[in-house]
Every structure is written in structure tokens, then in C-alpha cells.
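A.B. asks: The primary structure of each chain is shown beneath.
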Amino acid sequence: MTVTYSSKVANATFFGFHRLLFKWRGSIYKLLYREFIVFAVLYTAISLVYRLLLTGAQKRYFEKLSIYCDRYAEQIPVTFVLGFYVTLVVNRWWNQFVNLPWPDRLMFLISSSVHGSDQHGRLLRRTLMRYVNLTSLLIFRSVSTAVYKRFPTMDHVVEAGFMTADERKLFNHLKSPHLKYWVPFIWFGNLATKARNEGRIRDSVDLQSLMTEMNRYRSWCSLLFGYDWVGIPLVYTQVVTLAVYTFFFTCLIGRQFLDPTKGYAGHDLDLYIPIFTLLQFFFYAGWLKVAEQLINPFGEDDDDFETNWCIDRNLQVSLLAVDEMHMSLPKMKKDIYWD
Amino acid sequence: MTVTYSSKVANATFFGFHRLLFKWRGSIYKLLYREFIVFAVLYTAISLVYRLLLTGAQKRYFEKLSIYCDRYAEQIPVTFVLGFYVTLVVNRWWNQFVNLPWPDRLMFLISSSVHGSDQHGRLLRRTLMRYVNLTSLLIFRSVSTAVYKRFPTMDHVVEAGFMTADERKLFNHLKSPHLKYWVPFIWFGNLATKARNEGRIRDSVDLQSLMTEMNRYRSWCSLLFGYDWVGIPLVYTQVVTLAVYTFFFTCLIGRQFLDPTKGYAGHDLDLYIPIFTLLQFFFYAGWLKVAEQLINPFGEDDDDFETNWCIDRNLQVSLLAVDEMHMSLPKMKKDIYWD
Amino acid sequence: MTVTYSSKVANATFFGFHRLLFKWRGSIYKLLYREFIVFAVLYTAISLVYRLLLTGAQKRYFEKLSIYCDRYAEQIPVTFVLGFYVTLVVNRWWNQFVNLPWPDRLMFLISSSVHGSDQHGRLLRRTLMRYVNLTSLLIFRSVSTAVYKRFPTMDHVVEAGFMTADERKLFNHLKSPHLKYWVPFIWFGNLATKARNEGRIRDSVDLQSLMTEMNRYRSWCSLLFGYDWVGIPLVYTQVVTLAVYTFFFTCLIGRQFLDPTKGYAGHDLDLYIPIFTLLQFFFYAGWLKVAEQLINPFGEDDDDFETNWCIDRNLQVSLLAVDEMHMSLPKMKKDIYWD
Amino acid sequence: MTVTYSSKVANATFFGFHRLLFKWRGSIYKLLYREFIVFAVLYTAISLVYRLLLTGAQKRYFEKLSIYCDRYAEQIPVTFVLGFYVTLVVNRWWNQFVNLPWPDRLMFLISSSVHGSDQHGRLLRRTLMRYVNLTSLLIFRSVSTAVYKRFPTMDHVVEAGFMTADERKLFNHLKSPHLKYWVPFIWFGNLATKARNEGRIRDSVDLQSLMTEMNRYRSWCSLLFGYDWVGIPLVYTQVVTLAVYTFFFTCLIGRQFLDPTKGYAGHDLDLYIPIFTLLQFFFYAGWLKVAEQLINPFGEDDDDFETNWCIDRNLQVSLLAVDEMHMSLPKMKKDIYWD
Amino acid sequence: MTVTYSSKVANATFFGFHRLLFKWRGSIYKLLYREFIVFAVLYTAISLVYRLLLTGAQKRYFEKLSIYCDRYAEQIPVTFVLGFYVTLVVNRWWNQFVNLPWPDRLMFLISSSVHGSDQHGRLLRRTLMRYVNLTSLLIFRSVSTAVYKRFPTMDHVVEAGFMTADERKLFNHLKSPHLKYWVPFIWFGNLATKARNEGRIRDSVDLQSLMTEMNRYRSWCSLLFGYDWVGIPLVYTQVVTLAVYTFFFTCLIGRQFLDPTKGYAGHDLDLYIPIFTLLQFFFYAGWLKVAEQLINPFGEDDDDFETNWCIDRNLQVSLLAVDEMHMSLPKMKKDIYWD
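One line per chain: the protein sequences are E, V, B, F and Y, in this order.
Residue 1 is where the first sequence starts when you use the numbering used here, and the numbers rise one by one after that.
Residue 1 is where the second sequence starts when you use the numbering used here, and the numbers rise one by one after that.
Residue 1 is where the third sequence starts when you use the numbering used here, and the numbers rise one by one after that.
Residue 1 is where the fourth sequence starts when you use the numbering used here, and the numbers rise one by one after that.
Residue 1 is where the fifth sequence starts when you use the numbering used here, and the numbers rise one by one after that.
I should point out that these hints are in silico values taken from the structure, not numbers from a laboratory.
Beta carbons are placed, not taken as given, at the ideal position from N, Cα and C, and that holds for glycine.
Check the hints yourself; a few may be wrong.
To give an idea of the interface, some chain V residues facing chain E are shown, with a C-beta separation under 8 Å as derived from the structure [as the list claims (entries may be wrong)]: (1) THR4; (2) LEU170; (3) HIS173; (4) PRO233.
Coverage of chain E stretches by chain F, computed from C-beta distances (three or more under 8 Å per stretch; other residues unrestricted) [as the list claims (entries may be wrong)]: (5) 115 to 127; (6) 158 to 168; (7) 178 to 184; (8) 324 to 330.
Given only the sequences and the hints, what does the whole structure look like? Please build it.
C.D. replies: In C-alpha cells form, the structure reads like this:
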């Protein structure tokens, strides 16, 4: 479920963001504590080996190694690579959000353009609306693990009322080696044309208006599918991951506190706990976690889109809008500013 | 209220921006003075402890700690992280601004396409316009704390004239576990269709024109809602906040003036007031404040959008446009360039 | 007036851009020479004080201060902050340019869709066109200082022929606490509807085409207004300005040539003229000037948009197009490639 | 074929991205192993020459050279140049993906607007659809090496059923020195107009709807062509390539382990294997490989678009949609939420 | 002419980009060799003066100067400034490319909506098409030096068949102090309206479709004009140019090899040829050349758009499409997948 905190930051106040630091759901702590523990344990282990187990000559060698690692750790372009990569991931994530298919635009049009309050009219509008919802469900099944878990087979889709048994038979009967999520839209077009022929849709302007809107809906669906199908090239993700992991691996050795009595530059203090390295771990690993969370926003992370909720909302609301509310109008009354 | 200063910078002049440095409303000083005082007090306290309370050995230890902190302070990638983050926040903020729903496009269409100067015609146009304003009010109530304070319950919405009692009853009567801000748009569609049937709207082209425009309005509304609902992932905000706060915490120790007689590199001057550290505080904390202000532009900050003003303006102007001004025309006269 | 130099850089040639360095209008020299003189005078003054007035001990203290300043000058993130800020300003500036309202699209439609070469037809088309120009004039008056100077009152607007006295009376008569720049568009819609009723506009498709185009024009206008109303948050501009000004203030002290005989690192040469610091002044202050020029492109800078020229051009051209040129056609002849 | 891994990263888990490090297809290892071997071999060769073949004085000279190289290697702005360049390439790559022409929007319209289930009607719809597919095939032939290999001549296009022999004759017969991929669209327009005249397309609204959609399709095609025709300027690619290659060439010498006994700063450890330099090779060369893969996404890389698959899918699906499925409708039944 | 190399980089191969390094047309070498020679000669001259002409004391002074220059050369923010600037230029360049006016969309519409195969019908379609081409030619004449050379006067435009003598007279006859490139579009609108009145264009939907498309074409034209008229502010270009030129001027002195026997840090090797400085010259000057080439893509650089070719192609293709191909259709036949 999305973690909404905008109401907490409505006003810029005294150290405004500090309140955000004490949240758990969707927080950096929840996402990172396991990696953090592993990192801390490894650091401690190496520290203990250095302090307790190594002999003098081994210590000297380790110290040289540590200084060597420290120097090169700074040459790894973590900040820059992460900055560009996370920007890319965040843009893709947001584009996926704004392209989530919502049937609202279509339901307004169907409710106002497909006439008839009799049973046939109701059936027409509900069926059109159902086809729309069915298409997005088919798409969501292929992009979202959460939706796929809920609807593992087409049986579940039929059971949930998105499809009738007849439709399923026709759907399965179509021979095509390719995905068939576009089929309900063909039905939609055919049904709308039939309604036009029967006079339920008054004229071509109304019909084309519906078709245009349906095509917009389809574009949302196919764009979502495209984002899932063609991800950020694997190489890019690997480059970034390697950079970050290597950086931390290097820090395990390079950021050890060396014996202050040996007089190595920058090593005249032994704090035991490498507070700044741990903080750096939080910054960089946290930044990478941003990417991990957002690279596929259709999973079950705290911050992922609530796709199953969307599916339910869309079906419920759109049927309500085109059926029960069709031509229902509150009595028109003069508003209080009349004159 | 938005702080407008563009007229002050219309021309690039001698040290053009310096005038902006002496403003208070919406300024960095107003936003930061409390944090600045806390920072200065803490710095002074630590400085006094170091200078007056610590013994010689403790001082030596503190000096080492300070140098250690100073060195690592520079490894915190504050600039970079802030640069990318603020760019993201500013883009979102501006997109929210350009998607504020304005009813002007709709009111032009309603005024010119919904005919009839009799009472029924007036009622039609006013009611259509009111539904539009009602929807955006419902959305604003959920995204803006300022609007929510003004309209804490639906009673307030009715009292303010955005909704009639009948409409409210019908609205409440609808059973849906989901937000119902789309309901007035269904009414809009139904009412427009009715007007079309009655011949008040001449033909389908006019009707679809209205519906298209209404859908555009709806998209603005839902996009605003989306920006509120799905914010920048909490992790990202936390990473940035942690980086900045840690940086300043580190500076409290690392930027102390150490005893010049001890000959530490870069510590041969004791200015008492750490002028550059304080300036850095202004830069970085100010940059973070930019993000804090803009991350939710619907609060009550100096720079936040004046949503309540928008609501009033939109209702007043749109009722004026579709009612009093309907078909009102100045007498056509030859302009002064005729021939 | 915009400084156009694209024809000078059509081809990439030997040191292609060097010619641009010798322009005065709109140049970095013209914009910066005053600041540069102030900076140079201050630098010289401090230099003279150091060289001639200070005693030995004072000199030693000043030298320490200078080194201290120099070291911290490099910690001010001028480059980065400027890079992000200027990118933001440049994007906004260009968006304002592409949203300047041009009546051309509307004038083509009016000329071809509003029929009748008689006086009434001419009056119709000219009046429609005038309303369009009037709206943008009203907007320009509030965003552009240059236009405001030219049209300080509505009297000037009437005198310049954008509005008739009748229209002005009606305009003033409307009671609204809000800006009324949208009023001519209501007139436009009403007049177009009247023309449709009279048969001057043939059918609803033509009418809606006009209305759509008018709404596009309105969007340009309101976006310009929005850019003026909601600027880059003051805090951001202050942060950047503070960073740059502080940097140069610091350089005044930190970049002094210290006595080479004292053997300070990096201070074994006394050039008297701090050539690189002066160049840095040009880079950074020039970069900031880019922002100063573009942050409000409706002023009277060399590079600002020529709004008054636009206003004249639009009125002249659009009246010409819808009146004199209405249905005027060159004789159709076979072109030279016929067969 | 595109390497899809989004299902693997649906949830942010413990060291979430590490699983991606062990993939081979499309991975950094597969792309880089040859370059890596070359780099390692050269490094080893130089190392062996230094250690075994050089005399003392030669060694001293090589050591100076190595230190010199190392110092300047850091001045090569690889990170920055790569960051900007890869961002540009990634944006172009994604824009090409979202502009891949899919006939789905058109097939919905054709199926619902071109009437008649008789043979002539079927022929009409199938032919219209075929013209659409033919155009994109012609475009794909010029931008994609993979498609060109499959359809090296127009004969292959005819054989594959995208064109009839008659059409080919007419196509060849047209005299134009320019590419003729737009010809099938003229046929499309003519055929649609004919269908309109015959009453198969009911009215102009339907016809224009088809034409608009066809023009959208054409824009996708021509944009793809444009991306192929006008690439990133060669100079930019050369600058980036030179920077990266030079960097690694410099590293071959500058990152050698020098004799620790000579006491060069930063050279008191001989690890034989330059682990960090090899890692840097992976980061930077991998980053450049991202660009190499994406700069022309119509080749046969692991991550390139599966153009041939698209062509087959589009033809199969679109003929199915406009012919077999034309006016086929499942029986309308009450859905399970009825009442 | 554009340098197309995408087919060379279709697949990511072993050192994939190295092939691009050996091209001459449009290459960094061709663009930079003159500047490179100047730089190398100056460097050599200074080097010879230092080595052969200067006395001992002068050498010592020069060495101090060189070290001073070297240190400050690194403070010039060349990389960053260039990165932001080139990104801006590249974006503008690409936007200009995607806004090049292509008449294809219009020619499809004209061919299918303007009826009549008789001479008057042909004349109508050809004339409409010619007006479209004429407008873009007028625009190209003002933005492109190459086109202006080819059509220095309106006589050349008439001679080339874009305009008839009659049209030219009418065009010249129009009194307007402003550019008149919009005039042919008024003719277009008038002619289309006439065709509608004569029944050659069937109804308003077709007409408005044409007008909309024409307005889209106009927007492309005027955007191109806008890009030419309002360039990147001169100050910005000057700042970048100054930064790069200063950097290289500084390197001439600062990157000299100093006498190794004097023991200056980092100067214990004399290679005579400053290989890394020369490479830096290639990177930075090459990056700036990218900007020089793209800042005005309508010149005659190797990478500039082939505007004259566009003009010819557009006229030839569009006349062919609306005349010879009007209503020409291949015989419809069953495709090979029928059943």
C-alpha cells in the first residue's frame, strides 16, 4: 500500500522533515535493517580479527590494505551513478502511476451517451463497462504479481464477475499465439456499433467519442504493459548495483580503525563504532532501495501501487455510475447565490 | 499566499537579485531562523565546553574527534543528493500548479452551448457550473489542509452553496466504499444529456464538446488527487533528510575552532564565529526548506497555493459567466482601424 | 529586444564561437561591467590596505584569515547550485516563450468559418478578432512591465483601439472582486453563438472548432499569467544568490596575493592582478545573470520578449487576415509541374 | 530479444538486486567479457615487463611515468561525460519504444466503423489493415537490420503476404526519387473514401476518425525513421568514446603496482591483481555498453526490440480483429453484480 | 548532410564504438583539427621559449607562473558548465528536428477529402498543397542559410514553381510591416472554404479536419521560426565559451613540463608531448563543438538538417500524392491469409 505522508508535511515547520524520520512503514529502517545488520556484523568481525587475532606483521599488512581500500573507495562514482539511475527510475515510476487506467472518463460518456433505462439499456451499459474493466484486469494480471496471485487462472476472472462463461469460451476459442488482452475492446467496439445501429447511441459523434476514449484507455493499458515488458536495461541496473555493493565491500576493510599509535594519516582516533561509514551505508543503500522499490511498482512493497484495490474500486464505481446513476438527477433548485 | 516577486526582477540590473535578499515573507530567514538559532546555540555550547570545561587530555581527545568529524563531513554527498531531490520536488510542485482545475474553459462552452435565457435555462447553466465547482471542492478538501479546515464536514459544503440539501441526500444515499468525488460529474453528464434531449443543447457536437471539456477538468482533479495520494517515496525523503541533518550534526563538532597553538593543519586561526559553517547551514538547510515548502503545496506556507481563494474565485466567476453574462454582448461597432 | 545570433553560428567554424565574444548588446560585458568594477575596486582596496597600511602582526593575521577564507571558498557549492537553478530558470523561460499567445490559428479559422463579405460579416469577424487580441493585451498588462508602461490605464486600451467605449462600460459594470481578463472570451463565445444562429457560422462543427481554438488561446494566456503569479519560490532564489554573493565576498579576502617571502603554500608568486579570480567572477556572476535575465522575460532587458511588438503585430495581422483577405484568392493556375 | 526482469524485482527484499547479478543473458558479463580479457591481458603484460624485463633505470622511468599517468587519469571527466551521454541515449531509446507503431487503435476503429459482413466488406477491412501493416514494415526495413535481413527485397514482402503483386507493380510504377513508404497510406485514404462513398463507412465523422488515427500511426512510423536518420551527432559519441578509451589506456600504465620498497606515496602495497581498477573497468565500460546497446535498439542485441515478432503479431492480430471478430459478440448476460 | 551511423552500431560488439573513431565526415577530427594545430603550435612555442630562451631567473619565474596556472585551471568549472549547456543545446536541436514541417498528414487528408478527378479538382488539390509547401519554404528561407542562398529573392521562389506570378503580386500587394509567411495559409483556408461551398469538400467535419491539420503544420513552422528568433541567451553561450577558452589558455602555461631537476611536485618527468592535455583539449573542445554544430542546425555543417532536400522532397511527394495518386487504388484481392 502506498505510504502517504503529504498531510504531515503540508506546512514547512521547525525542522519540518524530522517527523518523517520516526515512521516505520515504508521507511528506510524497515527496508534496510537486515542489510544493515549484515554490514555491521561483518565490520565487527573484521575489526575483531584485526584487533585480536592478527600478529604484528599481519596487522601491518592489513593496515596497508585498509589504507589502499580507503583510497580507492573514494574513486567509485557511487553518488553520480546513483543520482542518474534513481532519476531514471523515479521518472518511470511516476509515468506508470499517471498511466494507471481509470474508467471514469469512459463511465461518464457511457452513462450520458448510451440511452435507455430499460433492461436492455442497462445490460448494454453494464456490459460495455465490464469489457473495459476486464481489459485492465488482463493487463494487471501480467504486470502485477499481487494481481496474479489473486487471479491465477481465467477461472478466477470469471468467478469474480469480470467475465461471463460465454465470453470466456469465445475468448479461449480465438486462435492467436499472442496475448489477447485486446479482445474485450473489439467486443466493446462491436457492441457500441450495435447500440448505434439500434439507436441507443444517437449518432456517430457520440460513438466516435466513446471509441476515442476507449482507445485512450487502451493506450494506458498498453503503456503499462510496455513498462513491464521493456525495463531499464539489465546492464544499467547491474552497473549501479555492482558500484554500490563494491563500495560497501571496500568500506568493510578500508574504514576500519587502525592502531592510532602507528601514526597513519587520518587514523589517530579509535572510535570503535564507524559512525560515518554506517551513515554512508544508510545514504547510499537507502538511495539504491528507492530504486529497488520503484523499479517495479506493481509488487507488494509498502510503497507499491494498490492494484487490487484499484480493480475493485473501478468495477464497483463504474457499474454504479452507468447503471444505478444513469439519468438519475437531484431536483434542480436555485442555488443560494441566485440573483 | 504565494510570494510573487517577478515584477522586482523584470530587468537584470546592478546586483539585480540583491533586493530579494531583504524580503521577509516567504524568505529563507523567516523559514530558517528557528533552526538557525538552535544550531548556533548548540555550536556555542560545545565551543564553551571545549574552551572552558575540558581538561588538557580531554581537549586533545576532542580535537582529534573534531578533525575526524570534519574530514568525514565532506564525504556526505549533501550537494548532490539535494540537487537531484529538489529538482524532483520542484517538478512535481509545478505540475501540480499547472493542473489546478480552472472552470474557465467549461464556462465559455456552457455559456455558448446551453441555450435559453428563461429561468429553466439559467438554472441549467448554473447547476452544470455548480457541479463542476463542487467536484473540485471535494478534491481540494482531501488534498488541502487549508480547505479541509474551512469545510470540515459536508454540512459546510452545503452551507457555502456548493451543494443543495437534495443533492447531499442523494450523494449520501449512494453506497460505495470508495471516494465519491466523481458523482457530480455523473450528474453533469446526465443533466447535459437531458438538456440535449430538450433541445437546449443543439446537437451532439456541442454535447460531446462539453463532455470532453468536463473530462479534462476531471483529469486535473484526479491528477491533483494522485499527487497527494502517491507522494515521493518516503525512503527518498528520509535519505535526504538524514544526509542533511547528519551533515550539520557533524559540523557542530567538526567545525569548532581548535586551539591555534597546537598547530593542527587548517586550524591556525580562531575566529570564534564560524562564519562559513553558518553560511553553509543557510545554503543546505535553505535548499532543503525549498523541498519542505514545495513537497505539499496545499498547506498554509507563505508559498503555498491559495486554494481557498481559488474556490471562491471559481464559483463567483463561473456563475457570473454562465448566467448574468449569457448572451450579453456589447453593441458591435466599427473599430478605429476600420478601413 | 531579443538578441538573435543564430545566423552567426549557422556553421561550426574555426573557433566558431569566438565571434560571439565581441558582441556588446545582450552580452556578459554589458550586463556585468558595473558589478565587475565594484568587485575590482574592493579587491584593490583590500590589497592596498594589506600591502601598505597593515603592520607586521596585522599582516600575519590577515594572511591567516586569507588562507582560511580561501579554503572555505571552495566548500561553497556554487557550481552545483547554479547548474540546477539555471536549468530550472531556462526551462521556465522557454515554456513562457512557446506559450506566448499568437492569434494566427484563430484568424485562419475565423476567416474561413465566419461567412459574409457584407459590412455585418466584416464587423463580426473584426470584433471576434479584437476580443482575442484584447484578452492577451489584458494579460500582458499584468505580466509585462513594458506593456504596463504603455497601457497604464484602461483608457489607453480604449484609445489604442483594442476596446470600444461601450465594451469598456460593460466591462467596468461587471461586479467581481477578481481579475476580469476572461470577459472578452465570454463575449467571443456569445458572439460566435449569435453568428451560428444567424447562419453566418454554418454548423456546430465549425462553431466548436472556433471554441476549441479560443480555449487553447485562453490556456496560453492563463499559463503566462500563472508563470508570473507563481514564480520560483523566493527561498530558492535567495539560496542561490546568497551562495554566489558569499563566494565572491570570500574571494575578496581569500584570493589576495600574500607575501611570497612568507612561504605560504600556493603563495609564491605575486601577480598583483588576480586574473583567475576575475575570470571566475565572470563565469559565476555571468551564470547568475543568465538567471536574472530569464527569470522574468517580460521586462526590458536586451534579451526579453518584445511584448509590445507582439501586441501590435497580432492586431495588425489578424485584422488584415479576417477582413481584407477574407475570401480573397489569387487566380488558380496550373503550376509549372502540371503533368 | 528484450531481457525482462521486472518480475524478479517486484518486491524490495534483502539485498534485492543481488539476484540480478547472476544473470547471463543481457548481462554486463556477457557484453564485456571480451573487452575485460583484453584489458586484463594488456595489464598483465605491462606488469610482467616492468617486473621482469626492465633494468633499474628503466624501472625508475616507468615508475615516474606510471605516477604521471595515474595523476592525469583522474582529470579525465569520464563520470560526468558518461552521465550526461547515457541519459541522452536512454531517453531516445525509450522514446523509440513508445513510438513503435501498434495497429490496435486502428483495428478497433476499422472493425467498428467499416460495415458489411459480406465478402466485399471483409476484403475492405482486411485490405485497409494490410496497408497499415505494410507501411510499418517498410519503415522497419529501413531502420532495423534484423527486419532487413528477413525482407531483403520487395519480393520477400510480397511473399510474406503484406503486399499483393498488383500493389507492388503500382508501387514500383510510381516515379519518385524519394522513399515511398507513405504510398500505402494514400491507398488507405483512397480506399476509406471509396468505402464512405459506397456507404460502408456511415458518415464523415467515422471517416475522419479513421484518418486521424491513420495519421497518428504515420507519425509513429516517421518518428522511428527520424530517430534512425538523425542520430546523436557523431562528435558527441566520439568525445565520450575517446574519453572512456583514453581513461582505460591511461590506467594500464597508471594503475600498475610499483615497487613498494621505493616509497612512492600510495604505493606501499603490491596486490598483483588491481582489483579496484578492474572494478572501475566494469563500471565505466559497462556504462558505455548501456549506451552502445541502446543507441540503436533495432539491432540484434539481447536488449533490442523484437521487431520481427512485432511485425508478425501485428499482422496476425489485426487481421483477426477486423475480419473473424467483426461484429462477433458474446451473448449479453447479466453480470453477477446485477442488483 | 546528416551523418547517419546508426546501422554501424546496431549491435553492441567487441569494443563496439571503436569503429566510429575512424570516420572523417562529421567527426571530431574534421571539426577540430585547425584548433588543435593552433593549440599545439602555441604550446610548442611557449615550451621552446622556456627551454631555450629564458635565463635562469626567468625560468624560475615562469615555473612559478606555470604552477600557479595549473592550480587554478582546475578551478574552472568546465565540465559542469559544458554538461548543462550541451544538454540544453541538444534538447533544442532535437525539438527542432521533430518540428520540421512534413506535409504528409495534410496530403493524405487532401487526397481523400477534396473530391473530383476533373481538371478543377486536380487544380484545387495541387493548389492547396502548393500553399502548404510555400509556407514552409518562406519559413525555411528565414531560418536556414542554405535555403536562403538557394532562394535569395522571391523571384527564385516563383521560378522554382512554389508560387505563381499572380500570387506573388497579391502577396506583395498586402501592406503589413510584419513577416507575411502566414498569407498562404489564409489562401488555403479561403480555398478550402470555397471547395466546401462548391461541394468538393463534402461537409464541415472534413473541412475542419483539414483546417486542424493545417494549423498543426503552421505550429511546426512557427516553432521553427521561434527557435531561430529566440536563441539561447547570448550571455549563457558567452559564459561557456569564456570558460572553455580560458581553460585552454591557462593550460598553455600551466601544463608545460618544468625542469624535473628542480623537484617541483608532480614535475619529475619530461615527456615533451603533453599527451593528457592534448586529450583534454579533444574532450572539452569536442564537447563545445557539439554545441556549436547543434546550436543552429540549419546551416551547412556535416550534421545539419538537409533543408533543401526536404523542400524538394515535400513538393514532389505531395503533388504526386494529391494528383496522380488521387483515388488511384490497386485492385483489391484476397490476401494470402484469407481463411
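A.B. asks: Decide, hint by hint, whether the structure agrees.
C.D. replies: The hints, checked one at a time:
Taking 8 Å as the C-beta cut-off, the interface hint given for V:THR4 is violated, the closest approach to chain E being about 18 Å. Because the smallest distance between the Cβ of V:LEU170 and any Cβ of chain E comes to about 5 Å, under 8 Å, the interface hint for this residue holds. Among the interface hints, the one on V:HIS173 is violated; its C-beta lies about 10 Å from the nearest C-beta in chain E, farther than the 8 Å criterion. Hint status for V:PRO233: holds, given a least beta-carbon distance of 5 Å to chain E, under 8 Å.
Taking a C-beta to C-beta cut-off of 8 Å, the region 115 to 127 of chain E contributes 4 residues in contact with chain F, enough for the three needed, and the coverage statement holds. For the region 158 to 168 of chain E, the assignment as covered by chain F holds, since 4 residues bring a beta-carbon within under 8 Å of that chain's beta-carbons and 3 suffice. With a threshold of 8 Å between beta carbons, the proposed coverage of the region 178 to 184 of chain E by chain F holds, since 3 of its residues qualify and at least three are required. Coverage of the region 324 to 330 of chain E by chain F is violated. Counting CB-CB distances below 8 Å, 0 residues qualify, and the rule asks for three or more.
Going down the numbered hints, you'll see the structure goes against 1, 3, 8, while the others check out.
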